[in-house]
Each structure stands twice: as C-alpha cells, then as structure tokens.
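Heads up: the sequence lines are chains C and R, in that order. Going letter by letter, the first sequence gives residues 17 to 464 in my numbering. Going letter by letter, the second sequence gives residues 433 to 839 in my numbering.
Derived from the structure by calculation, the hints contain no laboratory data. Just so you know, not all the hints are guaranteed correct.
Quick list of the computed label-pair ranges, beta carbon to beta carbon [as the list claims (entries may be wrong)]:
(1) R/GLU722 to C/SER85: 21 to 27 Å
(2) C/SER85 to R/SER799: 37 to 43 Å
(3) C/ASP311 to R/ASP617: 57 to 63 Å
(4) R/PHE822 to C/LYS275: 48 to 54 Å
(5) R/LEU600 to C/LYS288: 47 to 53 Å
(6) R/LYS787 to C/ASP290: 38 to 44 Å
(7) C/ILE195 to R/GLY568: 32 to 38 Å
(8) C/PHE224 to R/GLU487: 37 to 43 Å
(9) R/ASP734 to C/ARG421: 46 to 52 Å
(10) C/VAL449 to R/ASP617: 50 to 56 Å
In this text, all values refer to a predicted model and were calculated from it rather than measured experimentally. Think of the CB as a built atom: it goes at the ideal place given N, C-alpha and C, for glycine as much as any other residue.
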Amino acid sequence: MIRDILKKELLENIFGFRFVFSFLIFTSIIFLVVFLRLEQYQKDLDDWKTRVNSQEEFLKKYAHYRRISAVAMPHLPPSKMEPIVSEIPVDLTKFRPVETLFDNPIKIMGKEADLIFVFFVIGSLVVIVLSYDSFSREKEMGTISLLFSNSIRRSTFTIGKIFGTFVTSSLPLLNSILIISILIAVRKDIGWRFLEWTSFFSIIVITFFYLLVFSVLSNAISILTKNSITSILTLLFIWIFFNLIIPNFSPFISEILFKTPTSSQINKLIEKIDEERDKELKKEFKKYVSEGYTDAQAWKMGDLEKINQKYLEKIYKIQRDFEIKVKVQLFLSKNLSCISPTASFIYATKELSGAGFSRINWVQNQFQSWKETALDYLEKKKEEMMRNNPNYTFDDFIDVSDGPRFFYKEQIFSDRIKNALPYILLILFYAVVFFYLSLILINRADVR
Amino acid sequence: MKVFIKYEILKNIYTFKFLLIFIILIILFLSSFYTMFKDYNERNKKYIEEKDKPETIAIPTYPLSIFVKGLEEEISSSFIIDQDLRIIWKTIPIEKLNLIFSIFPAPDLLFIVKIILSLIVLLFSFDSVSGEKENGTLQMILSNSFSRTNFLLGKFFALYITISIPFLYSFLMILTILAILIPLDTEMFIRIILFFLISELYLIFFLIVGMSVSILSKRSFTSLIILLFIWTTLVFVIPTFASLASDALSPLPSESYYRQAKQQHWVKLIFLSIHQYGNDSFENIQNVIEKSKKDEEELWKDYQLKLHKHLSVSEKISKISPAGIFQDLILSISSTGFDEYDRLKRWLILLKDLKEEGTQGSEFSRSSIETIINVDFVLNVFFIIALNSFLLLLSFILFSRADVRKL
Chain C
17 MIRDILKKEL LENIFGFRFV FSFLIFTSII FLVVFLRLEQ YQKDLDDWKT RVNSQEEFLK
77 KYAHYRRISA VAMPHLPPSK MEPIVSEIPV DLTKFRPVET LFDNPIKIMG KEADLIFVFF
137 VIGSLVVIVL SYDSFSREKE MGTISLLFSN SIRRSTFTIG KIFGTFVTSS LPLLNSILII
197 SILIAVRKDI GWRFLEWTSF FSIIVITFFY LLVFSVLSNA ISILTKNSIT SILTLLFIWI
257 FFNLIIPNFS PFISEILFKT PTSSQINKLI EKIDEERDKE LKKEFKKYVS EGYTDAQAWK
317 MGDLEKINQK YLEKIYKIQR DFEIKVKVQL FLSKNLSCIS PTASFIYATK ELSGAGFSRI
377 NWVQNQFQSW KETALDYLEK KKEEMMRNNP NYTFDDFIDV SDGPRFFYKE QIFSDRIKNA
437 LPYILLILFY AVVFFYLSLI LINRADVR
Chain R
433 MKVFIKYEIL KNIYTFKFLL IFIILIILFL SSFYTMFKDY NERNKKYIEE KDKPETIAIP
493 TYPLSIFVKG LEEEISSSFI IDQDLRIIWK TIPIEKLNLI FSIFPAPDLL FIVKIILSLI
553 VLLFSFDSVS GEKENGTLQM ILSNSFSRTN FLLGKFFALY ITISIPFLYS FLMILTILAI
613 LIPLDTEMFI RIILFFLISE LYLIFFLIVG MSVSILSKRS FTSLIILLFI WTTLVFVIPT
673 FASLASDALS PLPSESYYRQ AKQQHWVKLI FLSIHQYGND SFENIQNVIE KSKKDEEELW
733 KDYQLKLHKH LSVSEKISKI SPAGIFQDLI LSISSTGFDE YDRLKRWLIL LKDLKEEGTQ
793 GSEFSRSSIE TIINVDFVLN VFFIIALNSF LLLLSFILFS RADVRKL
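Let the hints inform the model, and build the full structure from the sequences given.
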C-alpha cells in the first residue's frame, strides 16, 4: 500500500507546475554558484601561489636573521572544497598586531553564496512549497475522510505521504549532484581526490537528512491545519524562525549571557603587570649594583630571571584565560543556534568539508609546530654562521633554502566525521521528533 | 473608494494573520533593539576605555549602528600607529573573536526590513486580487459601477495602510526607547526619518510586485509560489551572487598579498641600505623610511584602484535587485557602510603622514547628511520611485485589459 501512495504522490507532484518551476530555479542557481565559486577558487589558488613564490624569491635574496620573522610567514592554501563550501576564516595573526588598511569590506560584511547557502535557503523553501498541502489539500477536497473510511491505516498513509513528498523534493537535489560532479570533474586543475569526493557525498547525505526535517515538519503542519493557505503561512513563519532568527540572534544573546573582557581590558592588565615587573626588577637591580655587580653579572645570578619569569607566567595566564572565555562564548553561541536545524546543518556541512570551527585549532597547531621547527632551525643556522664567520652580524644574508617550509595538511575524513557527528545527530533527532509528531497528530485527528 | 479602502483595511486587520504578524514584528523589533543596543554599549565601553590613552586613535561608535550595524565594528575601533608607521588595530573586532558573527549577519533593523518585512508584505499581498477571483467576488465587484482603477487603487492603499500600521507602531516604539536612552540631535533625527521613508519605498515595491503577480495568477497558491521565488532571488540570490561575480569579473588580490608586499618592501630596503652604508644609523633609517613611503603609496594606490573597481562591480550587480539599492541607501544614511570605512582608512593615512611631520590631525567625524545626500543617493531613491511607479502602472494596464469572464 505504501508503494501505491508513494507512487501517487510522486506522479501528482512531478507533473505539477510548482515542481517544474522549483526544479528549474534550483538547478540554475546551483549551476551558477558552483561555476562562479570555481572561478573564485582558481583566483585564490593563484593568489596563494604568487605569495608562496614571492616569499621564496625574497628569501633567496634578502633573508637575514634579524628580520626573517617579518617576511617568512605561513601561507594557507585555499580549501579544495571551496568551490562548494566557503570556509570559516582562520586568522593566524589573531593576537598579534594586524595592519588594517588592506582588508576587503565585502568579505567582512557580505555573505558569499555557496552550496550550503543554496541548500538551506532555497532547498528548504522548495521542500516547503512541494509539501505544505500534502494533507490539507486532501482535507479541502474531502478525500481524506474517504481514504480513512477504507482499510488504509493512518500510519501507512502518513509514511507514504511523507516519503512521497520527500522523494519529490529530493529530485532537484539529485540533479544538482550530477551538475556539480560534472563541473568539478571537467575542471581537472581543481584536482579533487578521494577525500574531497567522500566529503562531498557525505555533505549530500546530510543535506538529504536536512531536507527530510523540513519535509516531515511540513507534513506535520499540513496535518494540523485545516486549509493549505494556513499551512504554508505557518510554515513560512517557522522557516523565518529557523533560518533567519535563531542563528542570527544567538551570537548576540551569548554575548549578553556570557561576557568576555575586551582586548583593551586585557592590554591594560598586561601593561599593569609590566609596570609591576619593571618596578621589582629595578629594585632588585639596585641591590646588585650596590653590591658591585655589573648588569650582565646581575642577570647571571638568576634571581632577576626568576622575577621576570614570574610576571611572564602571569601575562600568559591572562592571555590563556581570555582565550578560554572567547572559546566559551563561541561554544555558547554555537549551542544556542543549534536550536535551529539549519544552524546544525551549516556546522555539520562545514565540518565535513574540513572548513568548520575545528579547522581553526587544526591550522593553529600546524602553524605552531612549523614555527617551533623554523625557530629551532634558525638558531642552529645562526650558530653555524657565527662559527664559520667571526665577523657575522644578524643583518648578513643567510641561506635558508634548506629550511623548513609550511605545508598545510588537510583534516582526514574520520576527523571530519567525528567533528560533524554531534550536529548530524541533532539533525536526525529533529527529523525523528517531527516524524513522530506527524504520526501522533494523524492518529489523533478527528476524521470528521 | 473611501468606503472600499475602509472595508479592505478592516478585512485585513480582523484576521489572525494580521494579529500574528503584528505580535511577531513587535517582538522582533524589540529583541533586535535590545541585542543591538547591548552590542552598541559594548563598543561604547571600549571607546571610553581607549579614548584618553596616549598614542591611541579611538573612533567613537555611532548611535545609528543600533539600527544598521554594517561595518561599525571595524569603523569604531581603536588604532595605533606603531614604530614602523603601520596602522594597526588595537581593539580586535568581535567578528575575529567569536566566529559565529562571520557566518550569520547581525539581526539589526536593516536585516528585519530587508528580509523579514519584505516577505511579510508579500504574505499580505499575494492573494489581494487572486483571492477575490477564487471567491468569485471580483466579477461581482467589477459588474457594478466601481471602476477597475478604483478597485486596484483601493486595494493598494488598504494594503499599504495595513502593512504600515505594525511597521510604524514597532518603529515608533523603538525610536521612543532610543530617544530616552540616547540624546538624538536634529541630524540623527533626519537620518532616522530618511531610514523610515526609504524602508517604506522598499516595502511598497514588494507590495506592488505582490499585487501584480496576484493579478496575473488565477490561484493564490500559484501567486504565492511565484512570489516566494521572486523574493528569494531579489533578497538572497542577487546580493550574495554580486560578491561572487565581482570576484570573477574584477579580482582583488588578498589582504595577505598586500601585507606581504609591504613587509617585503620594508625589509628589502633596510637590508640593502645596511649593506650599502654599512650600518643602520638614524640617517640611514630615515632614508629607508622615505623610500619605503613611496613604495607603500604605490601599493596603497594599487589597492585602492582595484578595491574601488571590485566594489563598483559588486554594487552594480547587487543593484539589479531593489534589495541591493535599499541596503546601499540605508548604509549611507547610517554612515556604517563601505564609503565610511574607506573615508576612515584615508583619514588614518593622512593622520600617519601628519604624525611623521610632527603635527596633529583633526578628529574623525562621520559624513554629514549634506555629503550623504549626493547625486548618486538621489538617483538611487529616484530609481526606486520610478520602478514602483512603473510597476504600479503595469499592474493597472494588466488589470484593465484583463477579460472579466476569465477572471
């Protein structure tokens, strides 16, 4: 029986105006987004290559110990998933002075369209448009009483309806997989490997789950409402609430609920500690000077170093506490926004593409490890130069061609899945809850 | 006509839909105001902490950023000019700390009017004519001596008044709270009135689109579906595509590219001059600074040229949609947009040059209302008015020519 209902729903929807219209719009937008993002990826890749080559050329001619840290920087390549998912920016200079002049204001303010954006804005709307009247239409036409007066079980009917509308709404998505795959495969310079293809297909699977949430929700609302117009209006309000209100308000609410000190407050605290340190060091210095020690001898005694270390630890603790507080605020914002399945969907897909929040730590750890190796290498190089040339100064050229280079390693697939899992489970939870709700509602509905 | 408008208004008002939308709007406006006001207070607190510090350039936050956040987090920051004469951020903008801000836009009044209110307008107007067709009342009305023009005008005014009631009420409510909390001067008041008027123009556009589609479609469902796709395209697709398309059409090198180029110039000059003169004496460093300044100016000019081209392409594409024009106008009025950020950068560079010369610069002040209302601004407003008039005329023609038997 389910098969018959499913078939009926499918045929009824597929030959309708709204399906053809939605299908065409969805397909053309997907094509445009991926096409333009491929161009953008190519541009970002070229920009990255230019920076890396320019750095190499520069180091070959002008590398010197005193200022090498100002010019030898890690350069992050654009994510290979950029043609479909925009990444969360990783700022490697977060707690260091950053020059303000050369930023792109569009990137700060404007949100660029990516596949995830199309799925959660247009995909969810398409699902609502295709399924808002699945039950209410039957009520309006009077066919629902007729159907229930037969031997068809209500649950069978509901399952058939839900899957019928879900399969119909999935057809534009299936078509988009084909378009994206062709566009990516044709561009051989993009060079997607097994990791990227696996991530892409898992994103599509999660998108199916996400669309299922809206499909089940639309059916539940359609059961609840007497006419189709009330059903679609209610669904549009829910859509606004899930897609536009909860995610957008959550970071501000978390900012109100959990305050973090401002960076200037942190700087003020650090300046105060610096002053205290200077005062104590001066006092200690005076003691040594009165005993006839020189500055260098005084430092060698170790007490001054201990004082210095004590204050450095205090500063480090303040910075670490600040970072922890910022992380707590981020955690709160994320969890608050997850009340909406859309936010969970965005986080899950970003994690699956290796461009989510977990990437920040992942990149920073790699950067830290490169920095340590590079500093170690530089110290050795300096000592070697000093040994070979007694007149060596820190402004003399040093050959760093054999030095460590920053190579970015992408997150492996199992890590991506692990990071995305809580959000995937949340999406599934919403789908199950709404599905269960639909079954309860249809069973309790008065057929009269 | 008056009776018809009154009847239509009452018909719209005494519905569950109107009540629900009224309540939603009040809640939305209040929660947006509360969150954005708290956010404004945080920025103000940062400014107060920084303003008296030596060597710090602190930019005060602007009260209108409560309504339109735009690039305010970047504009009302604190900067310092370091020993290498680099202009650097002293306070880190919140987006760089809590990255959720970089994913979802701020729920300010611009966001509510641009996205949510425009949809609400469509939800009111989608069945304005098609609903009458479905009920069979349209034929009845038109068979009387009531003219089609009067019918359409009546519908238009009734819908406009219905939508304006919750909007005006919520807007006045938060304006009163704002006036109590922050003293508003005349200029600020003019800006707020302009904000309201332009928002009304923008909402009228969606109202006319809703009515036009409703005239064209036989069923309300068809009308609603078409309108939903029009709304999605105008509000989401075109503005977000604009940035992507401008990346492809007028590429702008990354921020890292310019930073690297600048650092390399600086280090190269110091290296070469040390090896030329043999030391890094004061004269030598002065020489390096002079040379480096010229290179930096070139780099800055190159960036400015490419950025302006990039922004112009993006703006042109986003202006295909009235949502793009609306956003542009509102950002100008509230002085939190691209132009203001660009002005700030130019001012910082001027200040840096003056610092080198040993003189002090003037304080940074937001663009005055006279500067904002320029030819471009007037043309944009005129364009929306012309578009609305054209669409209204089109809907009149469509409705007048429609065969009453087929309605």
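Taking the CB of C/PHE224 and the CB of R/GLU487, does the distance hold inside 37 to 43 Å? violated (56 Å)
Does the Cβ pair R/PHE822, C/LYS275 satisfy 48 to 54 Å? For C/LYS275 against R/PHE822, whose Cβ atoms are near 51 Å apart, the range 48 to 54 Å holds.
Outcome of range test on Cβ distance (C/VAL449, R/ASP617; 50 to 56 Å): Once the Cβ atoms are compared, 52 Å apart, the range 50 to 56 Å for R/ASP617 and C/VAL449 holds.
Between the beta carbons of C/ASP311 and R/ASP617, is the distance compatible with 57 to 63 Å? Hint holds: Cβ distance 58 Å, inside 57 to 63 Å.
Is 47 to 53 Å right for how far apart the beta carbons of R/LEU600 and C/LYS288 are? Hint holds: Cβ distance 51 Å, inside 47 to 53 Å.
Is it true that R/GLU722 and C/SER85 lie within 21 to 27 Å of each other by Cβ? holds (25 Å)
With respect to the beta-carbon atoms only, verify the hint that C/SER85 and R/SER799 lie 37 to 43 Å apart. Cβ of C/SER85 to Cβ of R/SER799: about 40 Å, so the range 37 to 43 Å holds.
Take a look at whether the Cβ-Cβ distance between R/ASP734 and C/ARG421 falls inside 46 to 52 Å. Violated: the Cβ-Cβ distance is about 28 Å, outside 46 to 52 Å.
Beta-carbon spacing of C/ILE195 to R/GLY568 - inside the hinted bounds 32 to 38 Å or not: Distance hint for C/ILE195, R/GLY568 is violated at roughly 44 Å.
Do the Cβ positions of R/LYS787 and C/ASP290 conform to the proposed distance bound of 38 to 44 Å? violated (24 Å)
Hints 6, 7, 8 and 9 from the earlier list are contradicted by this structure; the remaining hints agree with it.
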